[in-house]
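Q: Sequence:
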Amino acid sequence: MKRINYLFILTVLLFAACKKDPAAGIQSHERAIEAVSLSDGLVQVGPAVVDRPNATVTVRVLLQAGTTFNAVKPTIQTSYKSSVTPASGQVVDFAANSNRAKYTVTSETGETREWTVIIQPFTEALLGTFTIQDYTLYGGTGPQYGGGSVLNMASKSVWPANGPASEYDNTLTFTYTGITADGNTQGDVVNAAGADGAYADFTYIKNPVTDVNGKYRVIPKGTGKWLHNYANNTITFTFTDGTTKVCTFDGAGTSDLGNGLKKTITDNAFTFAIAGADDYGNIYSDYDKIVKRPYKLWVDVKKQ
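Here the sequence shown is numbered in this note's numbering, starting from 633 and rising by one per residue.
Where hints are given, some of them may not hold.
Pair by pair, the computed Cβ-Cβ distance ranges are [as the list claims (entries may be wrong)]:
1. Thr690 with Gly913: 19 to 27 Å
2. Arg684 with Gly774: 46 to 54 Å
3. Thr868 with Gly698: 26 to 34 Å
4. Thr741 with Pro718: 32 to 40 Å
5. Gly774 with Gly698: 51 to 59 Å
Each computed DSS-like pair below joins lysine-lysine, with the alpha-carbon atoms no more than 27 Å apart [said to hold, decoys possible]:
6. Lys934 with Lys877
7. Lys934 with Lys847
8. Lys853 with Lys838
9. Lys934 with Lys894
10. Lys838 with Lys935
11. Lys895 with Lys928
12. Lys788 with Lys877
13. Lys857 with Lys838
14. Lys853 with Lys935
15. Lys788 with Lys734
16. Lys877 with Lys847
17. Lys853 with Lys877
18. Lys713 with Lys788
19. Lys705 with Lys788
20. Lys705 with Lys734
21. Lys877 with Lys928
22. Lys788 with Lys857
23. Lys935 with Lys894
24. Lys853 with Lys928
25. Lys734 with Lys857
26. Lys928 with Lys838
27. Lys847 with Lys894
28. Lys895 with Lys877
29. Lys894 with Lys857
30. Lys713 with Lys734
To be clear, the hints were calculated from the coordinates, so they are not data collected in a lab.
For glycine and all other residues, C-beta sits at the position ideal for the given N, C-alpha and C.
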């Protein structure tokens with residue numbers, strides 16, 4: 633019995649050893665660029681975008697002082713067993729042809745395809761100094777019943793002396809410190825108090841007195857960190873204690889909020905979603921709009 637088992641196993645092993653590789657002798661026709669990365673002082677923003685049907689690859693590069701594209705050394709990843717000309721890592725003058733360069737990828741079978749690699753200069757809109765113009769709030773239970781409102785927070789006499797208006801002379805200065813592994817820009821932010829030297833105290837002082845700093849202190853006092861996520865177009869502010877607030881950075885335009893309500897951004901705004909819950913017992917009141925049922929906060933800013 634043992635002899636029979638031994639012979640059976642030996643036969644299986646011999647059969648497996650003699651079995652041919654089904655891919656043997658088959659050559660690849662693939663001739664694509666799969667990825668492009670840049671270095672040598674160029675800051676690439678996110679992964680390259682490969683458009684296979686149109687044979688183009690777009691690489692976004694952060695524009696900084698001294699950024700030029702006349703001696704770029706791209707790292708080119710191509711299809712299995714293919715080659716590329718100019719070679720990966722070879723110096724190429726993109727500036728000579730409107731930030732574009734032609735690459736020819738040759739498959740294992742000798743077939744070729746011409747690709748265009750495009751460098752797309754990118755400017756981080758956050759960099760620089762902004763002045764805070766106002767804090768605008770959309771809130772109110774039952775906007776379909778007239779309970780909603782869009783209001784300048786400083787216009788309401790529900791705050792202490794150093795309420796939201798204290799920050800209408802503040803400046804926000806954004807500087808760049810680097811880029812994350814997944815291609816998002818990041819840096820430092822300084823929220824500098826203006827001539828009054830004050831930051832807003834978001835305490836609702838009417839009855840009932842309620843501290844809502846947790847809702848409305850959305851940008852750090854003094855110093856903090858920022859991160860721009862390009863995948864979902866959000867800005868994350870990180871406070872010195874590690875807490876975060878997430879928003880979008882929006883340009884000029886008018887948003888229709890429904891029920892006859894609109895919000896117009898004149899220059900730019902940091903737009904935050906604010907958590908709340910309906911309170912029909914306090915509908916139409918400032919308490920409801922500000923404390924109980926806020927929806928959205930805009931910190932309107934203007935670049936200096």
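Q: Regarding the pair Lys788 and Lys877, is the alpha-carbon distance no greater than 27 Å?
A: At roughly 24 Å apart (the allowed maximum being 27 Å), Lys877 and Lys788 satisfy the hint.
Q: Verify the proposed pairing of Lys853 with Lys928, using a straight-line Cα cut of 27 Å.
A: holds, 20 Å
Q: Decide if the proposed pair is consistent with the structure: Lys895 and Lys877, CA atoms, cutoff 27 Å inclusive.
A: Holds, at roughly 21 Å.
Q: Is 19 to 27 Å respected by the C-beta to C-beta distance linking Thr690 and Gly913?
A: violated, 54 Å
Q: Against the 27 Å threshold, does the CA-CA distance of Lys928 and Lys838 hold or violate the hint?
A: holds, 21 Å
Q: Evaluate the given range 51 to 59 Å for the C-beta pair formed by Gly774 and Gly698.
A: holds, 56 Å
Q: Check whether the Cα positions of Lys853 and Lys935 lie no farther apart than 27 Å.
A: holds, 19 Å
Q: Holds or violated: Lys847 with Lys894, Cα cutoff 27 Å?
A: It holds: about 22 Å lies between the C-alpha atoms, which stays within 27 Å.
Q: 32 to 40 Å was suggested as the range; check whether the CB atoms of Thr741 and Pro718 agree with it.
A: violated, 21 Å
Q: Verify the proposed pairing of Lys853 with Lys838, using a straight-line Cα cut of 27 Å.
A: holds, 25 Å
Q: Next pair to validate is Lys788 with Lys857; report whether the Cα-Cα distance is within 27 Å.
A: violated, 30 Å
Q: When you check the alpha-carbon spacing of Lys877 and Lys928, does it fall within 27 Å?
A: holds, 13 Å
Figure legend: structure checked against the earlier numbered hints; hints not met, in rising order: 1, 4, 10, 13, 15, 18, 19, 22, 25, 29.
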